[in-house]
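Engineer: Here is how the chains run, residue by residue.
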Amino acid sequence: MCRLSRFWLLLPSFICLVMVGASSPVHAQSTESLAINQNSCMKCHKRNGAMLGLHGNSALAIQCQYCHGQRGKHPKKGSNIRRFSSDSTTSVTEQSGACLECHDHETLAMADWTHNVHADRVNCASCHQLHVEYDPIIRISAKERSQLCRGCHLDK
Amino acid sequence: MSAFHFEGLVWHWPIAIYLFLAGLSAGAVFFGILLKHFKLGKKAYQSRFIQAAALIAPVTVCAGLGILVLDLTKPWDFWKILVFYNSTSVMSMGVLILMAYQVMLFAWIGAVFSAPVIQWCDGRWGLLKKGLIKLQQWEDVITGILVILSLSLGAYTGFLLSALIGFPLLNNPVLPVLFLISGLSSGAAATLLVGVLLKGDPNGVEVRFIHGIEIPMILIEMAVLFTFFAGLILSGGQSQVAAFNALGEGFWGWIFWAGVVGLGLTLPLAFNLWMKVSADRKFAYVAVTACFSLVGVLLLRNFILYTGQMTAT
Amino acid sequence: MDISKRHFLTSCGTLLAGISIYTVAKELAQTEAELGVDQTQTIKYAMVHDENLCIGCNACEQACREVNDVPVGVSRVVIKRTGPFGEYPDQSYRFSRLSCQHCENAPCVTVCPTGAAYIDSETGIVGVNADMCVGCQYCIAACPYQVRFINPVTKAADKCDFCKETRLKQGKQPACVEACPTHALVFGNIRDPDSELVKTLKTKPTYRAKMDLGTRPKLFHVSTINREIVL
Numbered sequence: 001m002c003r004l005s006r007f008w009l010l011l012p013s014f015i016c017l018v019m020v021g022a023s024s025p026v027h028a029q030s031t032e033s034l035a036i037n038q039n040s041c042m043k044c045h046k047r048n049g050a051m052l053g054l055h056g057n058s059a060l061a062i063q064c065q066y067c068h069g070q071r072g073k074h075p076k077k078g079s080n081i082r083r084f085s086s087d088s089t090t091s092v093t094e095q096s097g098a099c100l101e102c103h104d105h106e107t108l109a110m111a112d113w114t115h116n117v118h119a120d121r122v123n124c125a126s127c128h129q130l131h132v133e134y135d136p137i138i139r140i141s142a143k144e145r146s147q148l149c150r151g152c153h154l155d156k
Numbered sequence: 157m158s159a160f161h162f163e164g165l166v167w168h169w170p171i172a173i174y175l176f177l178a179g180l181s182a183g184a185v186f187f188g189i190l191l192k193h194f195k196l197g198k199k200a201y202q203s204r205f206i207q208a209a210a211l212i213a214p215v216t217v218c219a220g221l222g223i224l225v226l227d228l229t230k231p232w233d234f235w236k237i238l239v240f241y242n243s244t245s246v247m248s249m250g251v252l253i254l255m256a257y258q259v260m261l262f263a264w265i266g267a268v269f270s271a272p273v274i275q276w277c278d279g280r281w282g283l284l285k286k287g288l289i290k291l292q293q294w295e296d297v298i299t300g301i302l303v304i305l306s307l308s309l310g311a312y313t314g315f316l317l318s319a320l321i322g323f324p325l326l327n328n329p330v331l332p333v334l335f336l337i338s339g340l341s342s343g344a345a346a347t348l349l350v351g352v353l354l355k356g357d358p359n360g361v362e363v364r365f366i367h368g369i370e371i372p373m374i375l376i377e378m379a380v381l382f383t384f385f386a387g388l389i390l391s392g393g394q395s396q397v398a399a400f401n402a403l404g405e406g407f408w409g410w411i412f413w414a415g416v417v418g419l420g421l422t423l424p425l426a427f428n429l430w431m432k433v434s435a436d437r438k439f440a441y442v443a444v445t446a447c448f449s450l451v452g453v454l455l456l457r458n459f460i461l462y463t464g465q466m467t468a469t
Numbered sequence: 470m471d472i473s474k475r476h477f478l479t480s481c482g483t484l485l486a487g488i489s490i491y492t493v494a495k496e497l498a499q500t501e502a503e504l505g506v507d508q509t510q511t512i513k514y515a516m517v518h519d520e521n522l523c524i525g526c527n528a529c530e531q532a533c534r535e536v537n538d539v540p541v542g543v544s545r546v547v548i549k550r551t552g553p554f555g556e557y558p559d560q561s562y563r564f565s566r567l568s569c570q571h572c573e574n575a576p577c578v579t580v581c582p583t584g585a586a587y588i589d590s591e592t593g594i595v596g597v598n599a600d601m602c603v604g605c606q607y608c609i610a611a612c613p614y615q616v617r618f619i620n621p622v623t624k625a626a627d628k629c630d631f632c633k634e635t636r637l638k639q640g641k642q643p644a645c646v647e648a649c650p651t652h653a654l655v656f657g658n659i660r661d662p663d664s665e666l667v668k669t670l671k672t673k674p675t676y677r678a679k680m681d682l683g684t685r686p687k688l689f690h691v692s693t694i695n696r697e698i699v700l
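Residue numbers (the working numbering), protein chains in the order written: chain A, 1 to 156; chain B, 157 to 469; chain C, 470 to 700.
If you are wondering where the hints come from, they were derived from the structure by calculation, not from laboratory data.
Among the hints, erroneous ones may be present.
Partial selection, computed: residues in chain C whose CB lies under 7 Å from chain B [as the list claims (entries may be wrong)]:
id: 1; residue: Val580
id: 2; residue: Cys605
id: 3; residue: Phe618
id: 4; residue: Ile619
id: 5; residue: Asn620
id: 6; residue: Leu682
Some residues of chain B that are not near chain C, with every Cβ distance over 10 Å (derived) [said to hold, decoys possible]:
id: 7; residue: Lys195
id: 8; residue: Ala319
id: 9; residue: Ile369
The structure presented is a predicted model; accordingly, all values stated were derived computationally and were not measured.
The C-beta atom is built at its ideal place from N, Cα and C for all residues, glycine as well.
Isolated chain A, as found in the complex (with noise of 0.2 Å):
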């Protein structure tokens, strides 16, 4: 008796724990609940989109300030910003550093020889997506690729 009322007691919370253990990966995967878009910033930048791919993964644990800097003046002018385009006030140099903090530039010349002439050149925005699921450009074909170059090389 003793030991059947401890099983059923036992028994619905080994049911719970599982069920929670299943649950939880998936409920990470979601956007909303990625650690990086729980940030305060999500708070005003909801129509900017959340934050996938790479760069939400909770494991690297990123915040939206590692890589755009601290909030300072922001929104107010004069702020420090980083905004990761090619019309950015933020200069290349700052840009591809603020990248250059984790990748690594040999592992990038590896990846493609075109990171290294273009270095501090062009910021990695002009050809990297960097919020979305999967950076297009990882899957670009040859032609694509060689019409990308043109896109800015081509001389009139």
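Given chain A, put chains B and C in place with the hints provided.
Structural biologist: Below, chains B and C alone, put in the same frame as chain A:
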């Protein structure tokens, strides 16, 4: 860089085998003719060694051509080589030589074996008899032309490669001489080997005659081989690089020193000298010496073909 | 008598001058003749690849593949990249074009046993007649520039033909030239002094590969300025 697969490699071992077989055929015929002319005369057809030469020469040249055709990317179009000619192409000239060589080869075999064949026909097939008698009458002319053609064929195997201007080791004026001499010695070796296998006398006049020529020929081959590489090294530049790449350490260096120089030249030379001083020749001696020579020449062909393509200008 | 003497002397003088002019002229002509250049030919196509303008984008290869139906795995034109030179982040590469050089004295044409490889008498372009090619690969071995290959579809030897059968027939420039975003490729008639090609050749220092083999190639290269010096 692997020994059989590297950047810039165009021609693979089938070409080396083809070059080997063509040279072997030319050599066998050449020695058959010498044997008949200097030693055997009218009764030459009875000699096992003449029979061996008459067997080897057509079989090897046809096998070689077969390999060559199969190595084309369009084997069914091979007839175009026979129809279209280009006077500046070594290969085109080689095809002409090969065709004429085969015609003359069969004519010569017909002439040499005309007596027994006519006897065997015993009055049947009058046309065949007539043809053989014609060949008999023209034998001197056929023999003369065939000597020139066999020497041309032997040299052609070298010219084929020496026309490749982009590879300094191949683009070498000594190469045709080297291939001619090594081709002749492979023909001699094959004739001896098949001759003794056909139960020819290993101590006979034919073996003594061929061995007598083989000794100076091996010495000349060694001298030519030395000149070949000395010339490359003294030329400097990429020629020198090519020579050192070929002879230096590595797979092909081993093939050259152990296979070509050791097995193919030094051992046969030593055996030949030994047989010259010892009283009589035994089957095993003749056969083993011949085998070493044959393997040596086959290795030389592969060595030159592969190492030649290893170093470009 | 006097007149005839003077006449004799002037004749001699004229003759001498004539001979000397003739020899000078002959020497000039000989240098042209020695090269075996056919001066009656009005079209001789050539190309310049400016390595300083080339960015290694491979647009030329893509365009060539499309226009000439070049199968995957082989290519008529390859941009060979060497480098990087210099220290990060200030690095550079060198790009050199590997493709048929359209030699005046083409080894592939010399060795071809069937005459499938030929020099077009109207344009000087080295072409391949795929129907006559048996695939002996002698041309591939003979080409010092190693630009020939067996087309896996036709089984014949293949290589760049300056788009002779495709773009040139339509009166257009070769596909690679039109595709090049930086204008690193200039194609034209070397016999036409007003062509962009000749102007380029006269304004930029160029080199041709493996000239010592006597192949007299018609693919010119403008050498990379900023590169590592290798002894």
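Engineer: Are the hints correct? Go through all of them and say.
Structural biologist: Against the structure, the hints come out as follows:
Here the hint on Val580/C is kept, as its CB sits about 5 Å from the closest CB of chain B, short of 7 Å. The criterion of a C-beta within 7 Å of any C-beta in chain B is met by Cys605/C, whose closest approach is roughly 6 Å, and the hint holds. The interface hint given for Phe618/C is violated, since its Cβ lies 10 Å from the closest Cβ of chain B, which is over the 7 Å cut-off. Hint status for Ile619/C relative to chain B: holds, with the closest Cβ pair at about 5 Å, below 7 Å.
Below 7 Å, beta-carbon pairs count as interface contacts, and Asn620/C has none with chain B, the closest being about 9 Å; its hint is therefore violated. Taking 7 Å as the C-beta cut-off, the interface hint given for Leu682/C holds, the closest approach to chain B being about 5 Å. Every beta carbon of chain C lies more than 10 Å from that of Lys195/B, the smallest distance being close to 39 Å; the non-interface claim holds. Ala319/B, annotated as away from the interface, has a beta carbon of chain C within 10 Å; the closest lies near 6 Å.
The non-interface label for Ile369/B is consistent with chain C: the shortest C-beta to C-beta separation is roughly 34 Å, beyond 10 Å.
Hint compliance for this structure: hints 3, 5 and 8 are not met, and every other hint is.
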